[in-house]
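**Student:** One-letter residues, chain by chain:
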Amino acid sequence: MQIDRRNLVASGLAAAATLGLPVPAVLGQARPRVVVVGGGAGGATAARYIAKDGQGAIAVTLVEENEAYQSCFHSNLYIGGFRSYDEIVHRYAALAANYGAALTLARARATAIDRERKEVALSTGQRLPYDRLVLSPGIDLKYDSVPGWSKESEEAMPHGWKPGRQTRLIRERLERVPDGGLIVMIAPPNPYRCPPGPYERASMFAHVLKQAGKARAKIVILDAKESFSKQAAFQADWEKRYGGMIEWLGPKVHGGIRSVDSLTNSVETGFETYLDCAFVNVIPAQMAGEIARSAGLAPAGGYCTIDPETMKSVSDPNVFVLGDACIAGDMPKSAFSANSQAKVAAMVMRHELTGSRAFPARYVNTCWSLIDTDDAIKVGGRYEPRDGRIAATETFVSAPGESEELRRQTQAENMSWYAAITADMFS
Amino acid sequence: MRAGDLPCAALALAAVLMVQARAAAADVALGEYLAAECASCHQASGRRQGGIPAIIGLPADQFVALMEAYRRGQRDNQVMRTIAAGLSADEIAALAAYYAGLKPAE
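Here the protein sequences come in this chain order: A and B. Note that the working numbering has the first sequence beginning at 1, numbered continuously upward. Note that the working numbering has the second sequence beginning at 1, numbered continuously upward.
Not one of these hints is a red herring.
No more than 25 Å apart at the CA atoms, straight line, and that leaves these computed lysine to any residue pairs for SDA-like:
hint	chain 1	residue 1	chain 2	residue 2
1	A	Lys312	A	Ser294
2	A	Lys52	A	His90
3	A	Lys312	B	Cys38
4	A	Lys52	B	Ser45
5	B	Lys103	A	Phe426
6	B	Lys103	A	Ser427
7	A	Lys52	B	Leu30
8	A	Lys52	B	Ala54
9	B	Lys103	A	Asn98
10	A	Lys52	B	Gln49
11	B	Lys103	B	Met80
12	A	Lys52	B	Asp27
13	A	Lys252	A	Glu268
14	A	Lys52	B	Pro104
15	A	Lys52	B	Ile56
16	A	Lys52	B	Ala93
17	B	Lys103	A	Ala94
18	A	Lys142	A	Asn265
19	B	Lys103	A	Ala97
20	A	Lys312	B	Leu30
21	A	Lys52	B	Cys38
22	A	Lys252	A	Ala236
23	B	Lys103	A	Met415
24	B	Lys103	A	Ala101
25	A	Lys52	B	Ala97
The set of hints was computed from the structure by calculation and includes no laboratory data.
Please model the complete structure; the sequences and the hints are all you need to start from.
**Tutor:** In structure tokens, the structure reads:
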């Protein structure tokens, strides 16, 4: 039997590393390198876990163009007046301070991936070589998916589906809605970032308007799909809390969006035309962030297929795709999901690069939605690889008519989760 | 022993040591991996904010009893029931050992 001596030496070294024995530096090899693109729930978590658990054996570079992270999750709570804007902004300084020996922050945009040479090109002109690459770029919006709407109209008809200026625009427009005014929300087709998000946002619209004494204002949701996340619980509480302020129409009823006009703030459907809306919130169809598509890891206009046991792209064993940009089977596109997936990916990378233990992949997710003060609902589950995809093994969802005490506890959980996940990402 | 035998001997020795070390350390390493799942809600620092309790430093038998209560549906909370249902007795024991060994951050 021909024994490959290099592999034996390598596995002996890996075994030594597992035991914490010093790996001989005599081979003169630099540390394995992981590059992470995207400093959000997937990327920041992956970078942090590799740096934290790898204890310096792997050199991680986190590429993120924004100076601070503004969370999309809980941005609806800012819109609803339940959070100040500061509370949803997080800085990367603690990551650099706590894991400096293992973790480098590269403040730049990743412009291209050369998967043959295993290099990431940055907007600064720098090229980062990698042994393993993590892409967690989030979503891009399909600006051509709503007739009459385009990138040029996103200020006049904001989406608020990427954080920062767009979030603030939504809040500003909401504050200017007069009593009796109409907000039209166009809700996206599956799959999209944050399935319950549009409905939590509509709840926040109603809350703010009601608090401001504008209970005659209305919110009409024109949906691209026939049902939505936590629908029974949402609709029961919309009735209970907001009377008839929120009206939801599925596509069979409204017959499809014919066009929107950002100059006149009007929306034409197959059923009715809404003129002179106080504002129109267009949440368009979505796809994987550009860098993942241009790297050839997703079809045009789509998301990246991954191996459910590892979170690796099925197109490239050296590249992992996390969070909103990937197709994660039964897991929704949520921060919680991205954070969960990142931990599996980190474990796999550490195993491959340093010989640490591998464990079976396991995933979990919970999505909380706030409907009104002390009234939150949730949906979630646990997931495992099965039949080539991430499949739910058990799920749960809030039911209509739950006690006020349970809904209050659910909101307390929601706030507690936010503190924990942001610490899990950034501390 | 020739020079070429050295890597093979090192590997054999490493393999024996690894099996012995693994038996003793297995619970905590598994517990650490599983605990990553918990950290998104139960802060690793032990800080508590609102509705989700701190579990750092919880005595192991209390941890096991709480998780068993969720598994049997004796404690409410859909999230914890779902999570507990996905853990075997060995996995719960591994988590309990891991958390019992931690101290909350100052």
